[in-house]
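Engineer: The task is simple: from the sequences and hints, build the whole structure.
Protein sequences, first through last, are from chains W and L.
Using this note's numbering, read the first sequence as starting at 26 and increasing by one per residue.
Using this note's numbering, read the second sequence as starting at 427 and increasing by one per residue.
Quick caveat, the hints were computed from the structure, so don't treat them as lab data.
Predicted model only: the values in this text are computed from it and were never measured.
Among the clues, some could well be false.
Listed below are the simulated EDC-like cross-link pairs for lysine to aspartate or glutamate, each with C-alpha atoms no more than 20 Å apart in a straight line [said to hold, decoys possible]:
id, chain 1, residue 1, chain 2, residue 2
1, W, Lys106, W, Asp117
2, L, Lys840, L, Asp806
3, L, Lys840, L, Glu648
4, W, Lys106, L, Asp852
5, W, Lys111, L, Glu648
6, W, Lys116, L, Glu858
7, W, Lys105, L, Asp852
8, W, Lys145, W, Glu110
9, L, Lys582, L, Asp919
10, W, Lys105, L, Glu858
11, L, Lys681, L, Glu536
12, W, Lys116, L, Glu536
13, W, Lys127, W, Asp117
14, L, Lys861, W, Glu114
15, W, Lys116, L, Asp852
16, W, Lys111, L, Glu877
17, L, Lys860, W, Glu114
18, W, Lys111, L, Asp919
19, W, Lys111, L, Glu858
20, L, Lys450, L, Glu536
21, W, Lys106, L, Glu858
22, W, Lys127, W, Glu150
23, W, Lys145, W, Glu96
24, W, Lys111, W, Glu150
25, W, Lys106, W, Asp136
26, L, Lys894, L, Asp805
27, L, Lys584, L, Glu536
28, W, Lys111, W, Glu123
A few chain L residues that face chain W, going by a derived Cβ cut-off under 8 Å, partial list only [to be verified]:
id, residue
29, Ser660
30, Val675
31, Lys680
32, Ser727
33, Asn854
34, Leu856
Think of the CB as a built atom: it goes at the ideal place given N, C-alpha and C, for glycine as much as any other residue.
Each chain, written out:
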Amino acid sequence: MEREDILKEMGIKEPQKEDIESILENENVDYLVGGKKISKRKLLLAIIAGTLIFVLLISTFYFLTNSPEREYRDKVRTFKKMIQEKNLEGKDVSNVVELSRKAEIAYRNEDYNLALELIKRAVEELRRL
Amino acid sequence: MKKLNRYDLLALGIIVVSTLLSLKRLNIFPVFVDIFYHMSTAKGFDMAGGVVLHDFWEFAPLGRTHLYPPLLHVIMAFMYEFLPMVTVGKIISFIMFPLVQLSVFFYTREIFDRKTAFYVVLLITIPFNFYRSQALTNATSLVLVLTPLIFWAVEKNKLLSSVILMSLALYTHISMPHIVGAALIIYAVLNKDKRKMVMKTLAFSYLLFLPWMIHILINYGEMTSETFGTILQSEIHLIPMFFGFIGLVYCFLKKKHYYLPAMYFLSMIVILYKYPMRFWAHIALGISILGGISLSEIENSILRNQKRYGLRIGFVVAILFLIGFNLFDPVFSTTPLGNEFENKNPTILTLAKGNIAPSLITQETMDLCRIVESNIEPDDIFFITNPTIGCLITSVTGRSQMQGMWHEVQPDLKTPPSAAKLFIADTNFLNEAKKRNPDFLRNLTYVGRTERYIVFLQENKFITAKSKIPNTVFPKILAYILLFLSFVGLIIDHRFKL
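Structural biologist: Shown next as structure tokens:
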């Protein structure tokens with residue numbers, strides 16, 4: 026916004042040149058400085074367009090990631106990480122092994138919902154150990 | 427410099443509160459994991475007496491080409507002249523978040539306005555994954571600290587400052603500064619008023635960066651093209667992202683200097699290709715600037731005509747946002763990592779609650795350092811099954827390790843662990859190795875243990891290798907002087923309006 030527009034917005038018609046800086050300092054109007062002045066309609070356009078981009082991004086990610094097959098693979102990664110990090114010496118891991126084995130069989134049979142449920146239980150069991 | 431107003435006080439209040447809470451949680455610093463690489467590199471520079479082009483502290487005894495730009499390590503080596511390395515690591519890890527808050531506050535306040543600066547500081551403080559990444563990815567964090575200052579210098583036509591800051595960024599990280607460069611180039615295409623300034627800044631700073639760039643290009647073949655994480659490992663903080671996208675469109679409509687943050691955000695998308703996991707954390711800088719601009723403008727457009735109470739209502743709205751955003755941070759996540767990344771609270775709330783994993787610097791790792799130091803000579807090499815802990819041991823003891831971090835650069839050859847003077851294995855590894863080869867512990871003498879690690883000394887003197895320190899290409903005293911001169915240059919440029 027140009028200087029004249031700023032002054033107009035502030036209701037000041039003919040201020041002294043040296044006053045301008047101090048006026049801008051004292052009032053909360055520094056937001057008026059710089060950039061092209063845009064109308065409320067264009068701001069509304071920005072809000073609508075920005076919201077659309079946002080919704081598009083989130084929904085894209087939601088649909089891309091919301092499959093039990095992908096979630097299963099992610100859970101397996103978590104499971105493997107936990108196995109590496111946990112000290113399982115002397116602990117009974119037979120139930121965990123059994124659950125993960127069944128999950129893998131279900132995954133191979135393309136029953137992804139069952140595979141996911143089983144691996145989730147295996148992770149929970151592992152957490153408890 | 428503009429006088430402080432109440433929006434400045436709110437913004438500075440956020441910075442002070444988050445910094446004080448970080449101080450209260452000092453036990454989380456240095457945040458796992460990159461800092462240990464940087465600490466060991468700084469220690470390596472200190473031992474060599476300056477910048478070297480070959481890592482001798484990792485992948486010993488052969489080492490590997492050192493391609494990591496050296497600025498952060500020079501700063502850390504300088505601090506190490508006065509402080510222990512662990513303290514240096516803590517400070518570097520701790521300081522990056524308040525520094526980026528301050529630098530982005532400075533840029534948006536000076537180039538846009540004080541209300542925008544407040545909203546930007548508010549939005550950048552919300553995502554805990556950004557806080558964590560600032561403490562974790564130290565070199566990138568330093569580039570993110572420098573970026574708003576580079577933008578400020580370009581907008582204010584301060585050529586000396588912009589060249590110094592851009593050069594510092596280039597000497598800090600191997601890829602992040604080029605994103606800043608790309609943003610500036612697109613900005614120059616769109617805003618002809620800044621074309622000359624941007625071209626001069628980039629030409630001079632890349633000229634200054636030429637020596638290291640040639641070194642990188644000569645050894646480019648040693649870098650791996652590995653991708654870290656997948657594009658779908660996302661953690662999207664909905665509030666900053668929502669307002670950020672509105673700001674993105676708004677900046678295109680507003681034009682002039684509003685183009686630059688928009689171009690920076692768009693340039694950052696490149697990170698998705700190589701480091702998808704990091705993208706969602708680093709993007710907070712770009713998205714917060716855009717979000718701050720849009721929040722401020724929406725508020726202005728609603729309240730600007732309310733002559734009598736407009737300013738007062740605006741301030742109340744700002745305080746409500748301040749409280750609300752610091753209590754509630756909805757996150758869309760597809761990152762089931764099963765660790766502390768799963769934290770979904772805003773930064774301030776997380777720090778206040780304190781549910782954060784403590785640092786890797788514990789009694790156990792310090793005990794491990796003492797065992798290493800007391801059992802081998804400075805030029806002896808140790809092997810440890812966890813190279814991250816290895817970097818920590820190197821940074822404290824100065825002993826070189828046989829493995830290493832920063833796997834983007836691979837050594838030509840790796841030496842077998844049997845050539846190490848000291849062998850440190852975690853209990854799981856040891857049990858597995860003993861099962862596979864019962865003779866595994868032959869020639870190894872037990873010298874000590876901690877909770878998770880057991881330490882052995884290699885008895886066969888004829889097969890143990892030694893670490894050799896290469897010649898420096900730039901003495902540390904010259905590096906310190908250059909660093910000092912760059913700060914002097916910035917002050918002179920700012921004070922005397924060159």
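Engineer: Determine for every hint whether it applies to the structure shown.
Structural biologist: Now for the hints, and whether the structure bears them out:
1. Lys106(W) x Asp117(W): 18 Å, holds
2. Lys840(L) x Asp806(L): 16 Å, holds
3. Lys840(L) x Glu648(L): 14 Å, holds
4. Lys106(W) x Asp852(L): 16 Å, holds
5. Lys111(W) x Glu648(L): Measuring from Cα to Cα gives roughly 34 Å; hence the hint is violated.
6. Lys116(W) x Glu858(L): Given that 20 Å is the threshold and the Cα spacing comes to 16 Å, the pair holds.
7. Lys105(W) x Asp852(L): 18 Å, holds
8. Lys145(W) x Glu110(W): This hinted pair holds, its Cα atoms lying about 18 Å apart.
9. Lys582(L) x Asp919(L): Given pair Lys582(L), Asp919(L) holds - Cα atoms ~11 Å apart, limit 20 Å.
10. Lys105(W) x Glu858(L): Answer holds: Lys105(W) to Glu858(L) is near 16 Å, not above 20 Å.
11. Lys681(L) x Glu536(L): 17 Å, holds
12. Lys116(W) x Glu536(L): 61 Å, violated
13. Lys127(W) x Asp117(W): 18 Å, holds
14. Lys861(L) x Glu114(W): 14 Å, holds
15. Lys116(W) x Asp852(L): Given that 20 Å is the threshold and the Cα spacing comes to 18 Å, the pair holds.
16. Lys111(W) x Glu877(L): 13 Å, holds
17. Lys860(L) x Glu114(W): 14 Å, holds
18. Lys111(W) x Asp919(L): Roughly 55 Å separates the two Cα atoms, so the pair is violated.
19. Lys111(W) x Glu858(L): 14 Å, holds
20. Lys450(L) x Glu536(L): 31 Å, violated
21. Lys106(W) x Glu858(L): 17 Å, holds
22. Lys127(W) x Glu150(W): 14 Å, holds
23. Lys145(W) x Glu96(W): It holds: about 10 Å lies between the C-alpha atoms, which stays within 20 Å.
24. Lys111(W) x Glu150(W): Holds, at about 12 Å.
25. Lys106(W) x Asp136(W): 24 Å, violated
26. Lys894(L) x Asp805(L): Distance of about 7 Å is within 20 Å: holds.
27. Lys584(L) x Glu536(L): 13 Å, holds
28. Lys111(W) x Glu123(W): Holds: Lys111(W) and Glu123(W) sit about 18 Å apart, inside 20 Å.
29. Ser660: This hint holds: Ser660(L) lies near chain W, its Cβ roughly 6 Å from the closest one there, short of 8 Å.
30. Val675: Constraint on Val675(L) satisfied, holds at 4 Å.
31. Lys680: Holds, about 4 Å.
32. Ser727: 5 Å, holds
33. Asn854: Constraint on Asn854(L) satisfied, holds at 7 Å.
34. Leu856: 11 Å, violated
Of the hints listed earlier, those the structure fails to meet are numbers 5, 12, 18, 20, 25 and 34, in rising order.
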